[in-house]
Amino acid sequence: KAGVTQTPRYLIKTRGQQVTLSCSPISGHRSVSWYQQTPGQGLQFLFEYFSETQRNKGNFPGRFSGRQFSNSRSEMNVSTLELGDSALYLCASRLNGFEQYFGPGTRLTVT
Amino acid sequence: AQSVTQLDSHVSVSEGTPVLLRCNYSSSYSPSLFWYVQHPNKGLQLLLKYTSAATLVKGINGFEAEFKKSETSFHLTKPSAHMSDAAEYFCVVSVPSGNTPLVFGKGTRLSVIA
Chain A
1 KAGVTQTPRY LIKTRGQQVT LSCSPISGHR SVSWYQQTPG QGLQFLFEYF SETQRNKGNF
61 PGRFSGRQFS NSRSEMNVST LELGDSALYL CASRLNGFEQ YFGPGTRLTV T
Chain B
1001 AQSVTQLDSH VSVSEGTPVL LRCNYSSSYS PSLFWYVQHP NKGLQLLLKY TSAATLVKGI
1061 NGFEAEFKKS ETSFHLTKPS AHMSDAAEYF CVVSVPSGNT PLVFGKGTRL SVIA
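Residue numbers (the working numbering), protein chains in the order written: chain A, 1 to 111; chain B, 1001 to 1114.
If you're looking for bench data, these hints aren't it; they were derived computationally from the structure.
You may find that some hints are simply not true.
Quick partial rundown of chain A residues pointing at chain B, CB under 10 Å, derived from the structure [what the hints assert, rightly or not]: (1) Val4; (2) Gln6; (3) Gln44; (4) Asn56; (5) Leu90; (6) Glu99; (7) Phe102.
All residues carry an ideal CB built from backbone N, CA and C; glycine is no exception.
Next up, chain A with everything else stripped away, as it sits in the complex:
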C-alpha cells in the first residue's frame, strides 16, 4: 500500500499571501490529522477530519482551516501568512486504531 503523500514538499511564500497544502491518506483510511512542527513549539495538533467532518481542532487562529473530500483526501489552508507560520506541516492518517501514519511533510517558508 502506498503511504501518506503530501504535496508540495517545499513551498516559499510571502507574508500576507495564502497557501493550500494537500494530503492523500493511505487507501482506506478515513481519518486525516494535521500537525505543525517548529523548533520552538514542537509538534502541535491543528485539526482532524473524519468522513469529511472536522472532529477535533487544536488551538490555532482562524487563519488555519481545512477540509476533507469524499475520497478522504484533505487540504489545509493558511490565509494571511505570517513569518511565524514557517514550519513543517505534517499530515497523518489512520484507520480505526490509535496509531497514525505520517506523510513526509510540507516545508513552508514565509519570507
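Chain A is already provided as a structure; the job is to place chain B on it using the hints.
The following block gives chain B in isolation, referenced to the frame of chain A:
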C-alpha cells in the same frame, strides 16, 4: 488531560552501546502510548505502541519499551546503537478511545558516535 515529558532533549551514545530514552506521561485514563522516530527531513515513523496488552512492547529495528504504571513511565531502549539510529524520537500519549488528538513530547535527539 494527557501530557508527556521527555526527560532528555539530547542523548549521545557510542555505536554498539545501549540506548535509553526516557518518557513520563500523565493521563486521566489508561493511556495508549507510542514512540515515533523522525529522521532529518522526513516524516514520523511509528516505532512501537502500547495499548493495554503486554507491558513490554517490542518495536521495529530492535527497539522496545516497557510500560510502568506505578512510575508513569514508558522508556525506550535498544541494546546496541547503530549509526542509523541517529534521529529525533517522540513519545506520544493518547486516550484509549482513539478519537482525541495525539499529544507529543518535545522530542529527544539521539546522536550516535562512531
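Item checked: Restraint satisfaction for Phe102 of chain A [CB to CB of chain B, less than 10 Å] -> 4 Å, holds
Check: Holds or violated: is the Cβ of Gln6 of chain A closer than 10 Å to a Cβ in chain B?
Finding: 8 Å, holds
Next item on the list: Please verify that hint: Glu99 of chain A, Cβ, nearest Cβ of chain B, below 10 Å or not.
Entry: 5 Å, holds
Item checked: Interface hint compliance - Gln44 of chain A to chain B, C-beta minimum distance less than 10 Å -> With Cβ-Cβ at 8 Å, under 10 Å, it holds.
Item checked: Status of the Val4 of chain A interface restraint (C-beta, 10 Å, chain B) -> 7 Å, holds
Notebook entry, point to check: Measuring from the C-beta of Asn56 of chain A to each C-beta in chain B, is the shortest one below 10 Å?
Noted result: For Asn56 of chain A, the interface hint holds, since the closest Cβ of chain B sits about 5 Å away, which is under 10 Å.
Note to self: Under 10 Å is the threshold here; is the Cβ of Leu90 of chain A close enough to any Cβ of chain B for the hint to stand?
What the structure shows: 6 Å, holds
In this structure, none of the earlier numbered hints is contradicted; all agree with it.
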